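Asker: When you get a sec, could you build the whole thing from the sequences and use the hints?
So the protein lines, in turn, are chains P, G and A.
Under this note's numbering, the first residue of the first sequence is numbered 1, with each subsequent residue one higher.
Under this note's numbering, the first residue of the second sequence is numbered 1, with each subsequent residue one higher.
Under this note's numbering, the first residue of the third sequence is numbered 1, with each subsequent residue one higher.
Some hints here could point you the wrong way.
With a straight-line cut-off of 20 Å between C-alpha atoms, the simulated DMTMM-like cross-links for lysine to aspartate or glutamate are [said to hold, decoys possible]:
(1) P/Lys2 - A/Asp180
(2) G/Lys244 - A/Asp452
(3) G/Lys244 - G/Asp91
(4) G/Lys244 - G/Asp192
(5) A/Lys222 - A/Asp142
(6) A/Lys222 - G/Asp192
(7) A/Lys97 - A/Asp180
(8) A/Lys222 - G/Asp74
(9) G/Lys244 - G/Asp175
(10) G/Lys244 - G/Asp174
(11) A/Lys222 - A/Asp141
(12) A/Lys222 - A/Glu137
(13) A/Lys222 - A/Glu288
(14) G/Lys244 - A/Asp456
(15) G/Lys244 - A/Asp62
Below, a sample of chain A positions facing chain G; criterion: calculated Cβ distance under 7 Å [said to hold, decoys possible]:
(16) Leu131
(17) Leu287
(18) Gly445
(19) Val526
(20) Ser552
Read the hints as simulated data drawn from the structure, not as lab findings.
Keep in mind that this is a model prediction, so the values were computed, not measured.
Just so it is clear, CB atoms sit at the ideal spot from N, CA and C, and this is done for glycine as well.
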Amino acid sequence: MKQETLLLIGVAIVWFVLAAVYAFAPSLGMPGYARVWGAGAVVFLILAAVLGTIKRPT
Amino acid sequence: MSDSQHVTTRRAFIGTLGFGGVALYGAWAAYGAAPLPFFHSRAFEKDNGITPHQPQAGEGPGGGHGAAGSMTPDDFLRRHEEFMARFRQPDGSVAVGSAEAPPAHATQLPVAGHDMHAMPPPHVDQGGHGTAQRDAGGTAPMHTPSHGSAPAHSQEAQPTDLYLLAYRFGFAPDDIRINSGQPYRFRMMASDITHGASLQLGRGSRIIRLRPNVVVEQTIVFHRPGPVLVYCTTYCGPAHDAMKARILVA
Amino acid sequence: MNMKTHSPASMSFTNRLAALSRTDRLLCGLLIGFALLALTLGIAYGVAMALARSGALSFLPDTPYRILTLHGTTAFFYWLYSAQAALLIVLAVGETKNGIALRSIAWIGAILIAAGFMLSELSALVGTPLLYDANPELGLDDPAVVAGMAGGYLLLAAGLTAISVSGIATILRGARTRADGFSALGFGLFALAGFLIVSAVAAVNAFLPNLLWALGYTPFPKNATTEWHILFHNLHYLPLMATVLVWYALARGLTGTGSITGASFSKIVFASYLVFVPPTSLYHMFLEPNLPEGMRVAGSLLSLFVSVPTLTAFLIIVASLEAHARANGATGLFGWMRRLPWANPAIANMVVAMLTMLIGLVFAFVLIQEKLAPLLSDTIFVPGYFHFFAVGTISQTFLAAMMVMLPAISGRPLWRPAILSRMPWIVLAGLLVFGASGIAAGFLGVPRRVVDISYDGAAPAIWPVLMALLGAGGVLFATGLAVSVYGVARSLIPARMPMTATAEPDAGWRVVGAPTAPAWTGLVAVVVLVVAMYAATIGAFEFMQALPADVSGTTGH
Ligand SMILES: [Cu+2]
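Answerer: Following this line, the structure appears as structure tokens:
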């Protein structure tokens with residue numbers, strides 16, 4: 001699951017960065033973007049964590 | 001993936017080809033519409049004037065720049081009222097011509113414009129508005145007296161201010177007389193909910209969206225005499241289809 | 001690297017569906033059946049709308065906007081989203097031997113979606129028309145309908161979340177038992193389910209404030225439009241991701257051909273959907289007076305990447321099919337296509353879906369240029385081009401999936417495959433008429449959301465002519481689509497004597513290892529696409545510059 005976990009972490013980082021841009025640049029005037037992309041980053045991090053805990057049959 | 005695969009089935013090839021759409025950047029650059037400075041061609045802007053206003057650094061929505069920036073909805077409504085009072089003609093139309101255009105001339109126009117099937121009025125004195133254009137400086141007195149502070153981002157000619165209010169279900173003014181070849185600064189606002197104030201320019205249109213209590217400012221020069229349909233392009237309720245105005249370009 | 005086209009396990013997708021427990025089959029059948037019901041209604045409203053716009057039918061002034069609201073609500077929200085819920089569950093259950101996980105949560109999800117559907121539909125039917133975005137501005141005098149539609153959408157979001165959770169658990173159940181963990185499709189579905197959950201968050205962000213206002217708890221939601229744009233961007237991206245996942249599954253299921261570039265590359269492409277979504281979200285707002293110019297410029301540039309995941313997934317699938325066909329002796333540039341298993345109507349659906357995707361992209365890329373937005377946004381250009389995606393690409397792909405799934409689930413063979421195979425071409429013909437007249441009319445300024453465009457004779461005389469053509473095209477593609485829906489829906493009824501054998505992959509080639517043959521079709525498609533994009537964009541710039549007015553200063557403050 002290593003590749004999958006890394007991909008989801010990568011996605012979460014992109015979403016987090018965008019959320020941060022919207023959150024810390026108030027002149028953009030669109031806090032909804034920060035909320036939604038931020039929530040998305042959390043969701044994809046949780047999914048990555050779920051994958052990280054899976055044990056595969058050996 | 002084996003090394004013997006043909007190049008067209010390799011990851012690098014397919015992965016690169018997937019970015020094919022990005023190639024459209026070249027077409028944008030050719031028209032000076034590429035969103036990066038080093039491809040920005042000034043030619044496009046001069047040729048067609050579709051130059052968006054360049055905002056000052058750090059400016060955000062609601063952040064001010066120029067007269068319109070600091071214009072509150074109340075300011076707009078007040079100036080709109082003054083504008084209507086100043087330019088309303090006896091026949092109900094609003095004529096915002098050049099300074100020397102006599103009111104009598106304006107009242108003749110409805111005859112020509114009445115039959116408004118997207119055709120130009122029968123006879124337009126070309127020399128007439130050539131003069132208007134040359135004397136464009138003379139339009140300055142037509143600014144509402146209250147328009148004090150920042151001067152307009154000046155083009156060759158000082159634009160004449162024109163106020164357009166959109167409401168459910170109409171425009172005020174809804175019968176406007178202006179001159180071709182002369183810049184007008186359209187200041188537009190929706191007073192209740194979102195509307196459109198799009199301009200049907202013969203072949204195509206200029207689509208304009210108005211959000212309630214947000215003053216939109218566009219400087220427009222009409223090059224062809226004839227009627228221009230102003231129509232609402234954002235659904236706003238039962239009589240939305242009937243929401244229209246007319247600009248008659250002389 | 002695990003690639004080698006397919007594993008035997010993946011070939012038995014339909015057999016796995018046939019082996020599902022009765023309760024699982026019931027749930028799968030109900031989910032698909034509900035989606036088809038929404039599509040049927042969506043088509044009916046769409047036909048009424050096409051007739052209204054063409055002037056063939058006249059209604060009371062409010063009625064066309066009510067129909068438009070119902071059409072958007074039903075076709076966009078309930079058809080596309082209940083179909084994705086159904087496809088997620090059915091494709092996920094194909095990844096495991098052990099059936100649907102957290103089945104009771106999936107049932108709750110299905111019930112929530114159905115409840116949301118009834119609430120939204122009823123509100124749109126009796127209340128003030130708000131259009132499908134349930135715009136609270138239009139419901140200032142009728143907050144009850146705002147509450148009803150927002151409430152319906154929130155129930156839909158909750159239902160989608162529940163079904164996504166069940167889908168995720170089902171995929172994990174399969175991944176735990178597979179020696180190689182996730183298949184590419186399994187990971188793609190996993191990412192899709194996550195994306196659906198995020199979109200449910202976006203729906204709460206957009207509709208909860210509207211609901212609270214309508215119920216009298218909070219002041220009017222001033223940012224409703226922006227919050228809607230955020231949700232809408234996710235909502236129109238998601239079905240495309242589901243579409244390429246279905247293409248991937250169909251290529252494997254119908255021809256036995258897996259990705260020629262390997263599973264891990266496919267996983268990267270599926271994950272790239274999620275990477276490219278947030279940065280490409282601004283182009284819906286180019287006409288907004290409040291959007292700063294810097295955002296317009298950045299938004300245009302970033303939107304150039306909007307097609308990357310879809311185009312790459314398309315190229316993987318086409319190259320995989322073509323290389324295998326060529327390795328088995330197919331000749332000519334497009335001769336390999338003759339070897340596709342055309343006997344199954346899902347293939348025609350899929351091929352036409354790919355064609356309409358390419359057509360749709362050409363015009364989508366005109367709209368992502370902010371300087372062209374004032375020419376075409378809010379005109380009939382927009383529905384003119386997006387039906388290539390919504391109907392041609394997405395709806396036909398979802399139907400193709402159901403053509404394969406339902407017979408396996410119910411045991412009833414597909415109704416008249418020969419007739420169903422022709423329908424996508426009728427849909428394509430209708431879309432071409434609809435799209436061409438809509439796009440042309442958009443250039444000429446015909447507004448998107450005005451039904452009576454006469455303006456007392458002030459509008460150009462060609463406007464109604466183009467709208468009549470648009471209506472005719474709409475009726476034509478709706479007819480083809482309706483026949484497809486009928487054919488698929490017939491297989492909802494369980495057979496008394498189930499089919500003994502389900503369809504196995506049946507391509508005109510044998511899949512043996514990784515072929516060394518070339519695959520030129522993808523390259524040709526991208527070259528044609530880019531040339532067409534250039535033509536459309538340059539044409540739009542020239543058209544705009546020829547307009548008899550100079551406009552500057554698109555600022556609003
Ligand atoms: Cu309106």
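Asker: Does each hint fit the structure? Answer for all of them.
Answerer: Verification of the hints:
1. For the given pair, P/Lys2 sits about 11 Å from A/Asp180 by alpha-carbon distance, which is consistent with the 20 Å threshold.
2. The straight-line distance between the Cα atoms of G/Lys244 and A/Asp452 is roughly 12 Å, inside the 20 Å bound, and the hint therefore holds.
3. Of the supplied pair hints, the one linking G/Lys244 and G/Asp91 holds, its CA atoms being roughly 18 Å apart against a limit of 20 Å.
4. Under the criterion of a C-alpha separation no larger than 20 Å, the hint pairing G/Lys244 with G/Asp192 is consistent with the structure, at around 16 Å.
5. Taking the CA atoms of A/Lys222 and A/Asp142, the gap is near 17 Å; set against the 20 Å cutoff, the hint holds.
6. Between the alpha carbons of A/Lys222 and G/Asp192 the distance comes to roughly 13 Å, so the proposed pair stays at or under 20 Å and holds.
7. Of the pairs offered as hints, the one joining A/Lys97 and A/Asp180 holds, with about 15 Å between alpha carbons and a cut-off of 20 Å not exceeded.
8. Taken as a hint, the A/Lys222 and G/Asp74 pair is honoured in the structure, with Cα atoms around 18 Å apart against an allowance of 20 Å.
9. Only pairs whose Cα atoms come within 20 Å are accepted, and G/Lys244 paired with G/Asp175 is accepted, the gap being roughly 10 Å.
10. Of the supplied pair hints, the one linking G/Lys244 and G/Asp174 holds, its CA atoms being roughly 7 Å apart against a limit of 20 Å.
11. Annotation: proposed proximity of A/Lys222 to A/Asp141 holds, straight-line Cα distance about 16 Å (limit 20 Å).
12. Taking the CA atoms of A/Lys222 and A/Glu137, the gap is near 9 Å; set against the 20 Å cutoff, the hint holds.
13. For the hint pairing A/Lys222 with A/Glu288, the CA-to-CA distance comes to about 14 Å; that is within 20 Å, so the pair holds.
14. For the suggested pair G/Lys244 and A/Asp456, the alpha carbons sit about 10 Å apart, so the restraint of at most 20 Å is met.
15. A C-alpha spacing of about 18 Å is found between G/Lys244 and A/Asp62, which places the hinted pair at or below 20 Å, so the restraint holds.
16. Restraint check, A/Leu131 versus chain G: the minimum CB separation of about 6 Å is within 7 Å; hint holds.
17. For A/Leu287, the interface hint holds, since its Cβ comes within 7 Å of a Cβ in chain G; the closest pair sits about 4 Å apart.
18. For A/Gly445, the interface hint holds, the least distance from its beta-carbon to any beta-carbon of chain G being 3 Å, beneath 7 Å.
19. With 7 Å as the threshold, the beta carbon of A/Val526 comes within range of chain G, its nearest partner Cβ sitting at about 4 Å, so the hint holds.
20. The restraint placing A/Ser552 at the interface with chain G holds, with a minimum CB-CB distance near 5 Å, inside the 7 Å limit.
Comparing the model with each numbered hint stated earlier shows that all of them hold.
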